[in-house]
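Let the hints inform the model, and build the full structure from the sequences given.
In order, the protein sequence lines correspond to chains A and B. If you read the first sequence in this note's numbering, its first letter stands for residue 1, the second for the next number, and so on. If you read the second sequence in this note's numbering, its first letter stands for residue 113, the second for the next number, and so on.
The set of hints was computed from the structure by calculation and includes no laboratory data. Among these hints, one or two may not hold up.
With a straight-line cut-off of 25 Å between C-alpha atoms, the simulated BS3-like cross-links for lysine-lysine are [stated by the list, open to error]:
hint	chain 1	residue 1	chain 2	residue 2
1	A	K85	A	K71
2	A	K36	A	K107
3	B	K118	A	K71
4	A	K107	A	K97
5	A	K85	A	K36
6	B	K175	A	K107
7	A	K79	A	K36
8	A	K97	B	K175
9	A	K36	A	K97
Here are the simulated distance ranges between beta carbons [as the list claims (entries may be wrong)]:
hint	chain 1	residue 1	chain 2	residue 2	range
10	A	Q11	B	P169	26 to 32 Å
11	B	I132	A	E16	45 to 51 Å
12	B	T233	A	S43	53 to 59 Å
13	A	E55	B	M174	21 to 27 Å
14	A	W47	B	G173	28 to 34 Å
15	B	T233	A	A21	44 to 50 Å
16	B	K175	A	D48	25 to 31 Å
17	B	N225	A	A29	36 to 42 Å
18	B	T219	A	D48	27 to 33 Å
19	A	W47	B	E197	46 to 52 Å
20	A	E41	B	M239	50 to 56 Å
21	A	D22	B	T219	38 to 44 Å
22	A	E55	B	S247	30 to 36 Å
Predicted model, so just to flag it, every value in this text is computed and none were measured. Glycine included, C-beta positions come from ideal geometry on N, C-alpha and C.
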Amino acid sequence: MSDTIEVDGKQLAVDEEGYLADLNDWVPAVADVMAKQDNLELSEEHWDIINFLREYYEEYQIAPAVRVLTKAVGKKLGKEKGNSKYLYSLFPYGPAKQACRFAGLPKPTGCV
Amino acid sequence: MSETVKQFLYLNRKAPYGTIYAWEALEVVLIGAAFDQDVGVMFLDDGVYQLVKGQDPREIGMKNFSPTFRTLGDYEVGRIYVDGESLAARGLTREDLVEIAWEDPETEEEVDNIVEVVDRTRARALMDEADVVFSF
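What follows is the structure, given as structure tokens:
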């Protein structure tokens, strides 16, 4: 994986696993570019989760582990969305890991 | 879970910044919580400063991770203790500390704040009861 990604003509640094090096570099286009690399097209449902993760990070300063994410999504966006089947259907590489990457957050704490 | 659930107790004894202990301990707690054990966290000595509200370490180039303690409940850490003597010795009261909410995973009963100030006798008893004690 390259150490930068190109977003809106700018080179943004990423770590060896593709997570943004600097959280402050994030713009929504980052998620679109990363999704394209993963052969995904972002829908409104994807954005619900990405935005949710960014709010969660803003409030708690960490990217939640998948178990915590699932529960929190269920609370915030409705029970039908707070299950791993739904979240994996949106983010096949793991809802916490992949969605956090799209959201410009670090790799989730507690992902083992 | 068919395996035996063990009681874990993490002791946080150091100030939040200046050493990496506080942050590392928090990460260990969060990672360990994924293993469905019975996890408790106790703050004592300078460790009580970790829970103080309104921290702003930007000037020293550190990330303010005190909001992260409020997720402990989400990670199903159901027991948070603060040593009352350590608080008093530093001129702090429970009103100076962040509140940590918790929801019982079985009954979905919500508790607004699980931070419990304990005396030394109880602190000792808690350490005795724990199967595993980690000190940071």
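Verification of the hints:
1. K85(A) / K71(A): holds, 13 Å
2. K36(A) / K107(A): Given pair K36(A), K107(A) holds - Cα atoms ~19 Å apart, limit 25 Å.
3. K118(B) / K71(A): holds, 24 Å
4. K107(A) / K97(A): Answer holds: K107(A) to K97(A) is near 6 Å, not above 25 Å.
5. K85(A) / K36(A): holds, 22 Å
6. K175(B) / K107(A): Holds. K175(B) to K107(A) sits at ~16 Å (cutoff 25 Å).
7. K79(A) / K36(A): At roughly 29 Å apart (the allowed maximum being 25 Å), K36(A) and K79(A) break the hint.
8. K97(A) / K175(B): holds, 21 Å
9. K36(A) / K97(A): Holds, because 16 Å separates the two Cα atoms, which is no more than 25 Å.
10. Q11(A) / P169(B): 26 to 32 Å: holds, 30 Å
11. I132(B) / E16(A): 45 to 51 Å: violated, 22 Å
12. T233(B) / S43(A): 53 to 59 Å: Because 57 Å falls inside the window, the suggested range holds.
13. E55(A) / M174(B): 21 to 27 Å: holds, 23 Å
14. W47(A) / G173(B): 28 to 34 Å: Hint holds: Cβ distance 33 Å, inside 28 to 34 Å.
15. T233(B) / A21(A): 44 to 50 Å: Holds, at about 49 Å.
16. K175(B) / D48(A): 25 to 31 Å: holds, 27 Å
17. N225(B) / A29(A): 36 to 42 Å: At roughly 41 Å between Cβ atoms, A29(A) and N225(B) fall inside 36 to 42 Å, so the hint holds.
18. T219(B) / D48(A): 27 to 33 Å: holds, 28 Å
19. W47(A) / E197(B): 46 to 52 Å: holds, 49 Å
20. E41(A) / M239(B): 50 to 56 Å: holds, 54 Å
21. D22(A) / T219(B): 38 to 44 Å: holds, 42 Å
22. E55(A) / S247(B): 30 to 36 Å: For E55(A) and S247(B) the Cβ distance comes to about 35 Å; the hint holds.
Figure legend: structure checked against the earlier numbered hints; hints not met, in rising order: 7 and 11.
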